[in-house]
Amino acid sequence: MSDAFEQLARELGPQFERHAPLALEGAALEATLRPRSAEACAAALGALSRAGVGALITGGGTRLASANAPCRARVRLDTTALREAPELDLDEGVARFSAGTTLAEIEAQLAGSIWQLPFDPPGEGGTLGGALASAALGPSFSHPRDVVLGLGIALASGVLVKSGGRVVKNVTGYDLNKLFVGSNGGLGVITSAWIRLRPRPERVDVLVAPAPQDPALTLAAARAFSARAVAVIDAALAPQSCAAAGSARAFVLELAGDEAAVRADRAAFAAQLGASDAPAGALAELRAAQGSGAVRFRVAALPSEGELLRGSLSAAGASTLVYPTRGLVYARFDASASSNADASAFAAQLGAVASAAQRAGGAWRVEAAPAALRSGQEVLGARDETLALQRALKRAYDPRGILNPGRGFGEA
Amino acid sequence: MSDLLAELRAILGAGGVLARPEELFVYEADGLTHHTARPSAVVLPRDTSEVQRCVRACRKHGVPFVPRGAGTGLSGGAVACHDGVVIECARMNRVLRVDPDNRIAVVQPGVVNADLSKAVAKHGLFYAPDPSSQQSCTLGGNVAENSGGPHTLKYGTTTNHVLALEVVLPDGELVRLGNASGFASGLDLVGAFVGSEGTLGIVTEITLRLVPHPERVETLLGIFSDVVSACRAVGAIIKSGLVPSALEIVDQRTIRAVEASVYAAGMPTDAGAILIVELDGPSAAVAAQVERARAHCSDAGAREVAVARDAAERQRFWRARKGAFGAMGRLAPDLYVHDAVVPRAKLPEILEQVCAIGDKYGLRLSNVFHAGDGNLHPNISFDRRDADELARVIKAGEEILRICVEAGGVISGEHGIGLEKREYIGLVFSEADLAAMALLRDAFDPERVCNPGKIFPTTRFCAESNPKARGYDRVEFE
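For the record, the sequence lines run as chains A and B. So the first sequence is numbered by numbering that gives the first Met the number 0: it starts at 0 and just counts up by one. So the second sequence is numbered by numbering that gives the first Met the number 0: it starts at 0 and just counts up by one.
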């Protein structure tokens with residue numbers, strides 16, 4: 000390893016910053032690379048490949064605990080210095096940002112325009128690159144895959160490539176955008192992205208009501224409105240919203256759109272379900288429920304299975320946040336007192352989540368857990384018949400296994 | 000080949016294998032008629048198992064194969080190069096399941112696009128991607144091409160509606176990609192597969208997202224003195240943040256062709272262009288949006304803006320758009336429907352340049368296009384038997400692609416690269432970019448036996464990047 004580090008120091012110069020072992024994600028990282036340009040990022044990856052040294056790729060660090068624990072990572076590749084000037088095309092409603100730009104900075108740059116960034120994942124300081132690599136979701140917007148128009152990607156080979164473009168419709172060549180969004184940095188490092196922005200709605204109202212007892216009614220009610228966020232959340236995760244609803248579970252609805260439509264929906268929602276204005280922190284509670292707590296899981300299934308899933312996960316001891324129209328259930332387990340108990344409890348929780356997902360025909364993943372608990376565990380879901388293809392892709396794009404080694408699906 | 004034919008007939012029966020020249024003739028091309036290659040055979044499997052067995056037979060005999068739906072594609076993607084076998088999925092045409100509660104449908108690849116919307120209409124649902132060929136194109140073909148259509152401006156293209164796929168891989172193995180929930184473990188293989196132009200495998204089952212019919216639909220018709228003004232209206236609408244479900248422009252030459260045909264829609268033939276603006280959504284919102292759109296059209300110089308009073312009038316407005324390609328059949332034996340995308344703000348200047356290129360080469364060029372997406376379709380009417388005219392058509396097409404790329408655009412928005420544009424893809428992507436795409440191909444089809452010769456240019460790197468490749472992509476010129 001020392002020979003490899005000497006080689007990296009020779010190739011990369013002062014940007015290869017050796018230091019005392021840094022404990023991150025269960026790995027002891029002995030050096031940090033913080034490239035300031037996409038080209039430098041690609042060059043760093045090329046050098047790591049030649050040296051055969053694995054790197055833990057990090058952005059804002061808000062989603063680190065949502066992948067498999069790394070193995071063989073000796074270097075940290077920090078993407079937060081990838082901060083080239085953005086290209087904003089406000090006539091077109093598209094923009095290009097570097098990966099290290101934080102989502103908050105992007106929102107600030109768009110402030111005052113009619114456009115907004117269609118991402119709202121939880122976590123302060125999260126970067127665009129991290130949000131895309133981890134396919135981070137929030138309460139109000141759909142999957143980031145749907146709004147990525149183009150990517151700059153640094154490959155393990157040391158080559159910088161692009162996929163897609165800046166236009167809103169494009170079938171020129173393979174859609175590598177889809178392959179890289181959500182790939183957890185295992186196939187390459189996203190260095191920049193063209194994003195299709197979304198017009199800001201004229202009006203946004205957040206309402207809260209007691210969660211209907213009948214889950215079919217929840218789904219029907221949710222679909223009846225032009226809502227942007229629709230959630231059913233437990234009091235343990237959303238005390239303010241549940242207090243406002245006067246219920247152990249709150250139905251939170253974010254109405255967003257044209258003034259007239261929001262007003263009409265608001266009146267109908269109040270009449271049908273006794274909804275009232277939500278407390279100011281209602282959406283923040285949803286984001287916090289997704290983004291805080293040491294041990295969290297996400298299960299996706301068909302919307303009709305949402306209540307079955309919620310029941311199973313509640314019975315296993317989880318507090319839940321359900322997005323009924325999206326078929327998504329977030330489950331948070333409170334930590335136990337001792338680490339041994341944590342390990343056995345985590346195994347039991349993982350087993351309960353996996354079997355609930357299987358019964359519902361859905362897919363599960365860990366959203367967060369301490370690295371020690373994830374170590375050696377597959378936390379990205381049930382291994383399925385796609386495993387051979389996924390491994391073939393990993394081998395094709397990262398033949399030396401230097402990109403987030405051990406972190407990807409099927410690599411635990 | 001005779002051994003392979005015998006094996007295919009054993010799998011499918013004699014009626015499932017076409018091999019006589021007169022049977023193969025119609026498979027020489029898809030909707031792009033000037034790139035032709037005759038397949039060595041066409042097979043018509045009825046189920047997934049038969050597709051698997053056909054693929055394995057082709058591999059055993061070292062013959063490449065090409066999946067095909069209805070053959071309506073416009074980039075030569077369904078043409079069998081290298082004496083390949085066409086595996087046509089048109090007989091796999093059943094809607095297997097409709098789940099209105101979850102708003103999904105599971106279909107075989109040979110289901111015709113428009114038939115799915117008909118099948119689910121009773122549930123108040125429809126399938127949103129609506130390519131112009133939706134009355135005949137198949138959903139399997141739509142997956143291969145990531146097909147769009149007029150309403151993708153709001154609803155997205157095929158990739159935004161595919162949740163899961165069953166695929167026969169190029170080695171004959173069957174694999175399920177994705178999950179009906181839209182979230183699967185690991186990499187987004189569904190996203191990577193959609194739009195891969197039949198080069199990564201053969202789709203045998205598709206799980207699709209359905210969309211509820213909007214509460215209200217309003218259709219505006221803006222009549223403009225020139226196409227540039229219509230483009231300015233589009234730019235103003237986009238810049239305002241309004242998101243219509245469709246924004247379509249038809250230019251004067253097209254209007255005149257339509258009005259002289261059976262598709263005549265009562266459009267003024269002295270108009271420079273018409274703009275169709277369709278808005279849908281909650282009733283309370285749409286009324287205000289109509290007024291905003293009307294104002295943008297007027298401000299851009301529309302001489303008249305009409306709102307369809309009923310469904311019949313809406314259909315009449317759309318007939319001017321949807322009848323365009325049929326109407327052009329009267330102008331010349333062949334029609335080259337080009338496809339490129341530019342940033343929408345660039346539409347006025349690009350349209351002027353496109354028309355100038357048509358004039359420069361003495362061609363009959365008209366434009367009917369998805370303006371809201373910046374997706375141009377310059378249509379060139381020609382006679383491919385006239386070698387000189389064909390050469391000018393090709394040359395003009397190349398120039399159009401170049402100006403679109405220089406404007407920040409790309410060379411295909413919905414037709415794909417196929418055979419047609421494989422030599423132009425280098426205008427958009429570097430060799431390194433293409434090599435990164437080839438890695439995806441290698442993971443699915445390392446020997447490059449599934450629809451070889453498509454997407455990638457016939458330059459050296461494609462053959463050399465992968466030693467397992469059988470050389471079907473190898474150069475004809477180096």
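Please note that a few of the clues may not be correct.
[Claimed, not checked] Now the in silico label distances, taken between C-beta atoms and shown as ranges:
1) A:GLN108 / B:PRO267: 41 to 51 Å
2) B:VAL216 / A:SER354: 39 to 49 Å
3) B:GLU422 / A:ALA391: 25 to 35 Å
[To be verified] Not everything, but these chain B residues come out facing chain A in the computed CB check (under 10 Å):
4) LEU186
5) VAL193
6) GLY240
7) ALA355
8) GLY407
No lab work stands behind these hints: they were computed from the structure. For glycine and all other residues, C-beta sits at the position ideal for the given N, C-alpha and C.
Consistency of the hints with the structure:
1. A:GLN108 / B:PRO267: 41 to 51 Å: Holds, at about 45 Å.
2. B:VAL216 / A:SER354: 39 to 49 Å: This hint holds: roughly 45 Å between Cβ atoms.
3. B:GLU422 / A:ALA391: 25 to 35 Å: 29 Å, holds
4. LEU186: 5 Å, holds
5. VAL193: 7 Å, holds
6. GLY240: 3 Å, holds
7. ALA355: 22 Å, violated
8. GLY407: 6 Å, holds
When the structure is compared with the earlier hints, a violation turns up for hint 7 alone.
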